[in-house]
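Number of protein chains: 2
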Amino acid sequence: MPLGQRAGDKSESRYCGMEVLDFPAGEELPAVLSQSLSSAFDFLLAPLVDPGYRPAPGAVLPVAASDLVLSPSQWSSHIVGKISEWIDLDSEDEQLRLDSEVTLKQEIAWASHLSLQACVLPPPKRSSCANYARVVNHILQGLTNMQLWLRIPLEKSEPMDEEHDEAKNNSNMTLGYGGIHFDYYVGCSLIRSTLPSMNSLGRWFGEPVRAAILQTNAFLTNSRGYPCLSKRHQMLLTGFFNHSVQVIISGRSNHNISQVGLLSGDENHTEDTSVRHALGPYLEYIAYIYQRMDPLPEQERFEINYRDFLQSPLQPLMDNLEAQTYETFEKDTVKYSQYQRAIAKALVDRVSDDEVSTIKTVLMVVGAGRGPLVRASLQAAEETGRKLKVYAVEKNPNAVITLHSLIKLEGWESLVTIISSDMRCWDAPEKADILVSELLGSFGDNELSPECLDGAQRFLKPDGISIPSSYTSFIEPITASKLHNDIKAHKDIAHFETAYVVKLHRVARLAPTQKVFTFDHPNTSSNPSNQRYTKLQFEIPEDTGSCLVHGFAGYFDAVLYKDVHLGIEPNTATPNMFSWFPIFFPLRKPIHVPSKSPIEVHFWRCCGSTKVWYEWAVTAPSPSPIHNSNGRSYWVGL
Amino acid sequence: MPLGQRAGDKSESRYCGMEVLDFPAGEELPAVLSQSLSSAFDFLLAPLVDPGYRPAPGAVLPVAASDLVLSPSQWSSHIVGKISEWIDLDSEDEQLRLDSEVTLKQEIAWASHLSLQACVLPPPKRSSCANYARVVNHILQGLTNMQLWLRIPLEKSEPMDEEHDEAKNNSNMTLGYGGIHFDYYVGCSLIRSTLPSMNSLGRWFGEPVRAAILQTNAFLTNSRGYPCLSKRHQMLLTGFFNHSVQVIISGRSNHNISQVGLLSGDENHTEDTSVRHALGPYLEYIAYIYQRMDPLPEQERFEINYRDFLQSPLQPLMDNLEAQTYETFEKDTVKYSQYQRAIAKALVDRVSDDEVSTIKTVLMVVGAGRGPLVRASLQAAEETGRKLKVYAVEKNPNAVITLHSLIKLEGWESLVTIISSDMRCWDAPEKADILVSELLGSFGDNELSPECLDGAQRFLKPDGISIPSSYTSFIEPITASKLHNDIKAHKDIAHFETAYVVKLHRVARLAPTQKVFTFDHPNTSSNPSNQRYTKLQFEIPEDTGSCLVHGFAGYFDAVLYKDVHLGIEPNTATPNMFSWFPIFFPLRKPIHVPSKSPIEVHFWRCCGSTKVWYEWAVTAPSPSPIHNSNGRSYWVGL
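Heads up: the protein sequence lines correspond to chains A and B, in order. Quick note: the first sequence, position 366, residue 482 per the numbering used here, numbers continuous. Quick note: the second sequence, position 439, residue 555 per the numbering used here, numbers continuous.
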């Protein structure tokens with residue numbers, strides 16, 4: 117039974133399981149399962165094979181229950197398999213090591229046979245775990261549907277192997293044990309009573325964590341004797357719920373709540389056959405935390421299917437947008453009211469109150485689409501009482517058809533002239549006082565606003581105003597295992613040299629954003645080139661510990677006019693605007709950043725005769741290749 | 117409003133549209149749409165651009181309505197675009213030809229801008245239509261979501277071009293106009309009052325027909341003055357509904373039904389503002405035909421998502437089945453009761469009534485899986501009063517675990533011995549009277565039953581019985597555009613040289629099946645090889661006309677014992693058995709078969725040391741390459 121109903125939330129985090137600690141001998145697993153399901157647990161983390169088993173010729177695997185005792189659909193819906201914990205793939209004892217490998221493969225084969233959704237592997241027993249990694253990677257190659265979850269403590273509280281003293285000092289760990297990374301692993305993290313720092317915990321949100329194993333001894337006791345969690349544990353749990361992580365309660369009950377039901381104080385009620393589940397109070401508390409969360413805001417709900425979904429950026433110069441795309445973007449009222457504010461300010465600066473009856477301002481909307489900026493301009497004129505002559509320049513002939521329909525429907529024939537042309541080629545009949553455009557991409561200049569506006573600058577008066585008047589791009593390093601794996605699935609280099617528009621969700625933001633490139637309009641620079649190069653250094657907060665960087669999240673902020681701005685840079689983002697998701701620049705290989713090591717990254721904006729592209733590279737703490745050399749994988753056509 | 121509710125049917129055929137005959141000038145399209153929707157039509161086939169338009173510099177496309185007059189979502193949900201019918205891409209008049217190409221591309225660009233789901237192209241105006249094909253193929257390359265429907269008469273009733281006399285004599289046509297094939301076209305067929313033969317019509321079920329345009333003058337009039345259709349038209353329509361084809365009603369009303377509602381004879385009721393739609397009676401009749409269809413049988417409903425879905429055949433020797441797969445197949449009670457009948461007959465033949473107390477028959481189930489044939493064998497023994505000793509030989513160690521559980525749960529310990537081994541390697545302690553196996557694939561021998569049973573024959577007594585005792589494969593040529601296009605989408609040769617298991621639905625079966633290969637067990641032939649070669653000739657019925665062959669559907673029939681058989685060959689198929697779908701052998705290029713030309717096809721079964729494979733080729737009416745030479749693309753591992 118799900119923990120609760122949250123509007124718009126269909127994620128896995130609604131389901132809560134419990135760990136079966138002892139091997140259910142004598143085919144008692146069906147009874148254990150049925151008792152747990154009737155106590156509102158959704159699934160069991162249960163051992164599959166008698167822990168006393170060791171491989172021997174002719175031995176039949178002593179399973180907890182066959183597929184006749186529990187049906188295949190029960191197995192696959194309600195059981196996560198727990199691989200035998202005695203398995204030690206890196207033991208010095210050769211017999212134990214060999215038995216471990218055979219048994220692990222037999223247990224995984226049995227779990228696959230049952231179509232389990234997942235099995236939990238015990239963590240490696242030592243810091244040096246090359247054989248563990250080899251065997252697990254071998255198994256992963258043969259699995260198609262079943263997931264392997266690695267059980268990993270949130271904090272490495274004890275040294276894993278007496279021989280490795282440095283482990284003691286390294287209380288923050290990354291998921292590559294002993295320097296070995298697993299392909300496509302997914303994890304579950306073990307929550308104990310002590311927690312590391314928030315920065316350290318934050319890293320987990322960039323990792324593919326599927327389940328949080330919450331130990332009963334991590335719970336406190338409230339004044340009424342019931343289990344509860346510390347504020348920090350609650351925050352961590354809420355964070356996990358927001359990242360589709362499900363909870364598995366593990367351990368013996370430390371809270372012996374009276375068998376008397378919570379709902380009734382009557383001790384004389386007829387004895388219920390279903391005795392209260394020992395872990396019931398913990399489950400109830402988890403459900404309470406889940407249900408207490410704020411509902412998802414409407415915009416988040418709308419965007420939920422876009423979370424961590426990689427999209428190629430638009431190519432608005434080469435491709436024409438569709439009517440539905442225009443319509444969606446036009447609904448971003450916050451954006452257009454910012455434009456209207458900027459235009460109104462510019463009109464007032466341009467024409468004093470004394471001149472309103474004599475001066476008509478020439479305003480050109482370059483890239484008019486279906487006309488939202490035409491409307492914002494006319495509204496700004498009306499609001500300020502300024503006379504306006506509008507040219508609407510648009511290269512998409514289908515949007516031009518709609519513009520004609522708009523002018524007719526609104527009766528704007530005397531105010532607006534429609535120009536069906538690319539702004540870079542248009543031979544304008546007069547010069548503009550104000551040039552208004554919305555050519556910005558998630559990274560500011562990445563949809564070639566600089567090149568378009570340089571082309572339009574010909575017909576802007578020398579003292580004319582461009583709205584926007586400047587824009588700046590920003591980046592920050594992130595951990596983003598899911599994005600990395602999605603790109604890796606393409607099995608080529610090109611996808612790692614492409615920037616993606618993506619609603620970032622399962623990521624860890626590792627350091628504050630920094631500026632990358634700025635463009636000013638009109639472009640009055642002595643060197644009018646739009647090529648750029650920037651080198652940046654990011655310092656990761658010390659209490660984060662070491663981490664993995666999968667790439668850089670990118671944003672922009674634009675000055676429309678004077679103090680009116682617009683942007684998605686997290687610290688200054690315009691609220692309630694939905695036109696842009698961040699951009700993501702991936703790295704071909706994730707870079708391991710030890711604690712206290714700065715990250716040095718280089719970004720180039722390069723311009724050719726038919727295309728513009730970015731190149732990027734990391735040089736510290738370890739060098740990456742130059743990504744997208746000569747725009748070979750990703751470029752924007754002119 | 118859908119035509120009706122049919123349990124399990126979620127296909128497009130529930131929706132019915134109507135054609136807007138005249139250009140809706142003066143922005144009356146919203147009114148036409150709203151009237152049609154309120155009269156229970158689901159969509160309109162409507163002209164997009166004023167037919168008087170010809171391209172000229174600076175001209176704005178005179179559209180029926182902009183995306184401000186009808187919203188993008190209305191356009192995409194309720195309008196199929198009708199491309200201007202004056203367009204003639206192969207005209208001798210150069211200006212008309214050039215204007216046609218420009219206008220077609222503008223109309224398609226406008227339709228894409230509106231995100232229409234489909235546009236209907238007028239049929240080519242001439243038999244020679246190379247430029248039509250070039251332009252349409254060009255457009256198709258640029259489309260991602262929108263479909264192009266070609267409007268094609270069911271029967272070529274008039275010559276299309278006076279210059280081409282042969283067209284007059286060729287009343288049956290294929291969809292390649294003038295010998296030119298379109299990539300990925302989808303069609304809509306025009307139903308008039310006369311219909312060609314059923315064999316000729318049957319070919320359409322193998323074509324990607326999306327809509328049937330039903331002309332009002334194809335309707336008859338019933339005794340009450342209402343429109344109705346001939347029996348043959350009704351059958352055709354039902355066939356289309358069963359193939360997800362939707363109906364579009366076209367033409368003027370020929371049935372002027374009184375405006376008085378059907379529900380009430382009261383002429384004094386207050387005048388309804390929504391006047392009865394002129395095509396309403398036709399729509400009601402179509403809905404009646406739809407609703408009158410038999411509901412889909414439960415098995416069809418279960419299998420509906422498998423229709424025309426290509427699956428790779430199992431590799432049961434190389435891969436182990438999962439518990440769920442065993443469980444699904446075990447539910448095929450018809451299959452196992454046929455086995456039980458065959459085993460019972462064999463037991464009675466083997467042991468006379470006098471000997472029942474003295475003779476114990478040794479029966480070996482080779483490939484026992486989770487034990488369904490063990491159960492059938494024991495039931496046959498009980499039914500006939502024969503004593504039985506059963507060996508259950510199984511190579512999948514996970515199924516062996518389940519077998520042990522089964523024996524324990526059923527208390528069969530004294531009756532059944534479980535052998536965890538591949539039957540080809542097992543060193544049997546004694547010889548069997550009866551060998552029972554279920555190793556058959558959709559094509560009989562394609563899961564290597566011959567090779568497995570040859571290996572098991574070592575431990576069958578010289579006079580022992582194999583169940584099955586023989587099996588035969590069958591093929592027939594089919595039209596299957598959908599399967600062809602799905603395979604083509606992989607853009608390689610290997611997928612065209614692979615046989616697929618598939619529930620055939622959108623296919624036309626062109627000729628009766630013929631036998632391919634037969635295998636007998638035990639194999640007592642002087643040449644025990646399992647290699648085979650067969651050459652077959654198929655004659656297509658004359659009234660079918662010419663057709664396209666995309667490949668061959670394959671089936672099997674097995675003799676279990678004496679008169680007890682089991683199979684999926686359409687003429688003799690065992691009823692209510694669901695374990696096997698047909699197999700499909702594709703051809704790299706569809707072969708055009710003119711009327712009265714036989715098809716000659718060759719099939720080889722080839723055996724190597726580690727694999728077995730098929731090769732196939734067509735030699736008449738035109739030669740194909742040899743498919744899957746040396747098993748390079750598709751093979752079954754030994």
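Read the hints as simulated data drawn from the structure, not as lab findings. Computed from a predicted structure; not experimentally measured. Mixed in with the good hints, there may be bad ones.
Because identical chains cannot be distinguished in the list, a pair is counted as satisfied if it fits within a single copy or across any two copies.
[Stated by the list, open to error] The calculated DMTMM-like cross-link candidates involving lysine to aspartate or glutamate, where the alpha carbons are at most 20 Å apart (straight line), are:
id	residue 1	residue 2
1	619	138
2	524	166
3	651	731
Comparing the hints with the structure gives:
For the identical chains of this complex, residue 619 and residue 138 are neighbours neither inside a copy (43 Å) nor across copies (46 Å), given an alpha-carbon limit of 20 Å. When the C-alpha separation of residue 524 and residue 166 is checked against a cutoff of 20 Å, the pair qualifies only between copies, where the shortest distance is 18 Å, while the shortest distance within a copy is 79 Å. Within a single copy, residue 651 and residue 731 get their C-alpha atoms as close as 12 Å, which meets the 20 Å cut-off; across copies the closest is 61 Å, which misses it.
Checked against the numbered hints listed earlier, the structure breaks hint 1 alone; every other hint is satisfied.
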